[in-house]
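Trainee: Residue strings, one per chain:
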Amino acid sequence: MSDLASNLAGKTIGKWKVDKKLSTSGGFSSAYAVTHEDGTTAFMKATNVTYAANSLQFHGSRVDLMSGLLDEFRHERDLLKLCGEERLDRVVVALDSGEHQEPGSFFVPYLVFEFCPHGDMRRHPKLQNAGLVWRLKVFHGICVGLSQLHSRSIAQGDLKPANVLVFGEDFSKISDLGFSLRDDKSARSTNSGFRGDLSFAPLETLYGHTERDWNVRHKGGDMFMLGGLLAFLVADVHLVGKILTKLPMAYHPQVWKGGYTAALPAVRTATYDTVQEITAALPKEIQADVQEMLLWLSEPEPAKRGHPQTVLSQGGDRYSLERIISIADRIGKQARLIA
Amino acid sequence: MNEADHNKRVVLPQWLPFRQASSQREAGAFQSTETPVDFGPAQQAFVEALEEFRVSPSPYVAIELMGTAQVLGRTEVARQMAEYVLTQNFLGSVAHTQALAVLGRESHFPLGDQRAQLKLTKQRVQKFPRDAIAWLDQARLYTILGSYQNARRSVLAALHLAPGERFITRSAIRFFVHFGKWDEALQHAQRAYALNADPMIFGPLLSVASRLGKLPAQVKGVVKGALASPNQFLHSETLEAFGTLELMAGADQRSKPYFRQAWRDPALSVVGHSQWILREHLPTLAPDQKINFWTSKEAVSWLRFNTLDFGQTTIDANEWALEEPFSRSPHILGTIAACISGDFANAAQVAERGLIANPKDDILQNNLAFALLRDGRVIEGEKAFAPLLSRVDDKKEVAIAATYGLLLMSKGQVAAGTQYYLEAINRAVELKDRRNAVRASLNFIVSNLEATKTIDSGLLKSVQTAIAELRDPACLGVAAVLAKQLKASDLGGSDTLSTAAREFAESVDRSREKFQQSVVANLLAASPKPPPPDGGAA
Numbered sequence: 009m010s011d012l013a014s015n016l017a018g019k020t021i022g023k024w025k026v027d028k029k030l031s032t033s034g035g036f037s038s039a040y041a042v043t044h045e046d047g048t049t050a051f052m053k054a055t056n057v058t059y060a061a062n063s064l065q066f067h068g069s070r071v072d073l074m075s076g077l078l079d080e081f082r083h084e085r086d087l088l089k090l091c092g093e094e095r096l097d098r099v100v101v102a103l104d105s106g107e108h109q110e111p112g113s114f115f116v117p118y119l120v121f122e123f124c125p126h127g128d129m130r131r132h133p134k135l136q137n138a139g140l141v142w143r144l145k146v147f148h149g150i151c152v153g154l155s156q157l158h159s160r161s162i163a164q165g166d167l168k169p170a171n172v173l174v175f176g177e178d179f180s181k182i183s184d185l186g187f188s189l190r191d192d193k194s195a196r197s198t199n200s201g202f203r204g205d206l207s208f209a210p211l212e213t214l215y216g217h218t219e220r221d222w223n224v225r226h227k228g229g230d231m232f233m234l235g236g237l238l239a240f241l242v243a244d245v246h247l248v249g250k251i252l253t254k255l256p257m258a259y260h261p262q263v264w265k266g267g268y269t270a271a272l273p274a275v276r277t278a279t280y281d282t283v284q285e286i287t288a289a290l291p292k293e294i295q296a297d298v299q300e301m302l303l304w305l306s307e308p309e310p311a312k313r314g315h316p317q318t319v320l321s322q323g324g325d326r327y328s329l330e331r332i333i334s335i336a337d338r339i340g341k342q343a344r345l346i347a
Numbered sequence: 011m012n013e014a015d016h017n018k019r020v021v022l023p024q025w026l027p028f029r030q031a032s033s034q035r036e037a038g039a040f041q042s043t044e045t046p047v048d049f050g051p052a053q054q055a056f057v058e059a060l061e062e063f064r065v066s067p068s069p070y071v072a073i074e075l076m077g078t079a080q081v082l083g084r085t086e087v088a089r090q091m092a093e094y095v096l097t098q099n100f101l102g103s104v105a106h107t108q109a110l111a112v113l114g115r116e117s118h119f120p121l122g123d124q125r126a127q128l129k130l131t132k133q134r135v136q137k138f139p140r141d142a143i144a145w146l147d148q149a150r151l152y153t154i155l156g157s158y159q160n161a162r163r164s165v166l167a168a169l170h171l172a173p174g175e176r177f178i179t180r181s182a183i184r185f186f187v188h189f190g191k192w193d194e195a196l197q198h199a200q201r202a203y204a205l206n207a208d209p210m211i212f213g214p215l216l217s218v219a220s221r222l223g224k225l226p227a228q229v230k231g232v233v234k235g236a237l238a239s240p241n242q243f244l245h246s247e248t249l250e251a252f253g254t255l256e257l258m259a260g261a262d263q264r265s266k267p268y269f270r271q272a273w274r275d276p277a278l279s280v281v282g283h284s285q286w287i288l289r290e291h292l293p294t295l296a297p298d299q300k301i302n303f304w305t306s307k308e309a310v311s312w313l314r315f316n317t318l319d320f321g322q323t324t325i326d327a328n329e330w331a332l333e334e335p336f337s338r339s340p341h342i343l344g345t346i347a348a349c350i351s352g353d354f355a356n357a358a359q360v361a362e363r364g365l366i367a368n369p370k371d372d373i374l375q376n377n378l379a380f381a382l383l384r385d386g387r388v389i390e391g392e393k394a395f396a397p398l399l400s401r402v403d404d405k406k407e408v409a410i411a412a413t414y415g416l417l418l419m420s421k422g423q424v425a426a427g428t429q430y431y432l433e434a435i436n437r438a439v440e441l442k443d444r445r446n447a448v449r450a451s452l453n454f455i456v457s458n459l460e461a462t463k464t465i466d467s468g469l470l471k472s473v474q475t476a477i478a479e480l481r482d483p484a485c486l487g488v489a490a491v492l493a494k495q496l497k498a499s500d501l502g503g504s505d506t507l508s509t510a511a512r513e514f515a516e517s518v519d520r521s522r523e524k525f526q527q528s529v530v531a532n533l534l535a536a537s538p539k540p541p542p543p544d545g546g547a548a
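Protein chains in written order, with this note's numbering: chain Y, 9 to 347; chain F, 11 to 548.
You may find that some hints are simply not true.
[To be verified] Below, a sample of chain Y positions facing chain F; criterion: calculated Cβ distance under 7 Å:
1) Arg130
2) Arg131
3) Ser207
4) Gly216
5) Ala243
6) Asp244
7) His246
8) Val248
9) Lys250
10) Leu252
11) Thr253
12) Pro256
13) Lys265
14) Gly266
15) Glu285
16) Ile286
[Stated by the list, open to error] Here are a few chain Y residues that face chain F, going by a calculated C-beta distance under 8 Å:
17) Ser31
18) Trp264
19) Leu272
20) Ala274
Just so you know, these hints were derived from the structure itself, not from any lab. These figures come from a predicted structure and were not determined experimentally. Even glycine gets a Cβ: it sits at the ideal position worked out from N, Cα and C.
Working from the sequences, and respecting the hints, build out all of it.
Mentor: Dropping the structure here:
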């Protein structure tokens, strides 16, 4: 079987002309720049079923691997469909989806997304020069996007700079729902732990700690990663990496064997060190607000993460982002005054 | 001069600042292993992101990769990214400090003295009131400064914020014991152990419970499990504490298996404690043990004292005191060693430092007065002795009476001074404290020689016999000092006294030689040598 998903450049798939290959992600999918018949440029993610079928390194059943891969595709497609139907303007939704097949090849399931000319947030030209006002506006947009997902019981699950796209001048959207989960009581959702990039994962995940409550586990995880994005935007810093530089080596997740609860006081003090250093570098006018936001979002105990007035409230959404959005908006305005 | 009461010593963890404590093995030793986290996919994604970066470098991607490399333990890539980040001047200062930290080039500002550090920790707990470790570090600083109530409040805050946590609990136990609050230490240890059945909490719990005679119900089961456990390090404190319990009950033989097992892979507190067991109780176990005493400043100090190298002991005890500035023991040992070395000014300074954290400590107060008087600073010595004056006639006080004798003699009141010295000697005899009787006698002979240029040959002879039998390093040290002084004195031209002095000196030399050949004097020499301070070859 030929590896069709990795070789789509130049082909026409439905109404889309595949212009060029952009990247390969773990062999299981390939990314392409595509153009619609009407001239709209877009981004295509093609799932590589052949890769799974030919995978020699996989230790389990290939049937299971392929089935899992297709299940992932179906899951993402359905989530994106839901987001599209709900008109979530701060989430990058699918413009199209389908299956492409050619003789002698496995079929290629694909998803087509809105194209972001600058790529993800890390490569947006404004990141270097526009200052805090732009950065806080981008953060505000991310908060809104996450709130849109959370209010539909969807946890994004892989919130990181690479998954934030900035359209036009400053309209930020959350992309890539590949590791997202919906609290729909399905076995997939109930049993799943953290599935995103561990480098940005909430600290408890790095220690192998899993919360029982779905919301605490997944929405709480998103809150931490949102804190990571705030740290990245206001201080050019990778939050987890920074915390680890403050944490004595004995407590590093790959060294520590005592469980997360036992590591908590050390993790907490390292987190506070980090927050203190980040905020000290900011203009005085916004230091206190940013510090509070970072403390709420990067709180090491997932059950205590989030705005204090919502996280401890009985009933309602403990991880409601409404107050966070409002404060993010206020900080953005303050930053504009001092710019 | 007198020293800490060693008859009721217990195995207690050190209380170090968090950063320092984190580098000890005690911080990360655990029995159970967590389900390992699979970093494989993250490693794969990292490799791809790195390849992408090499093709199309971006400063913000470099920041991410630097952080990711740290999470994944990819030190070399983290360093490469850090070097790259440092070349990008427009990146924020936090990114640059992180890069410097990755490269090990972080600037460390001097922390200043304890009061300056306390100011910083106060700000810290005000800003981050849920930081248990900051509360505990604050408590330690208050303890060093002798402020019990403030320290206690801070310890309780830390215990409240992190109940059952190992570092917090062990430090809290040490805190309460330091201030003599043994019941509270036990109460908090029990509460923590109920939440977290950690062997490194049970060890100090058992020590404190033994001291109070309130053994926990589960002690036999836990000790049995500790004895059978392959993780000897984790259980070493429990075994050492139980061995000590047996030893104090007079069951020397029964205690030995516990000590042997505890010493196979001992925690630091066990190393510190084991030297005392070997010196004072079970020297016969010395040939079997392979403890690296150099890991413990406490052990090194005490064992150095036993080599009769009192100058070096002063230095070692000072290092020990820097590690545990709130503790009285290194300061007491430091003053004794410095006095025997004849460095009375230093001895007084050490005692004064120890008194900051232990303002009501009689031993340190007495040693301060002694050092000052021997240094010829009579007015200061008298002032230092003032808090002890009311205890002079207490029949249980040997050292205080002897130092009062020294004070009186230093003020020219030789007869009255002699009377108190003799009173001190009599008290020690009545208390069957032969060691203190000999020390008081030696000091009396030294003082009397200085004041009257003569000696009591009968007393000198009986002290000479006792020294040979006692084999006590402090007695041997003071005796050597006295022998030197006798040699330098003409003793009023008396042949009889000169002969007695010569015989005394010869006997002390023999006793010292014999002592130096003993097992306990050679424990440190037999211990594996520490690496050179710079970590490299000379």
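Trainee: Going through the numbered hints above, which ones does this structure break? Give me the numbers in ascending order.
Mentor: Violated hints: none at all, because every hint is consistent with the structure.
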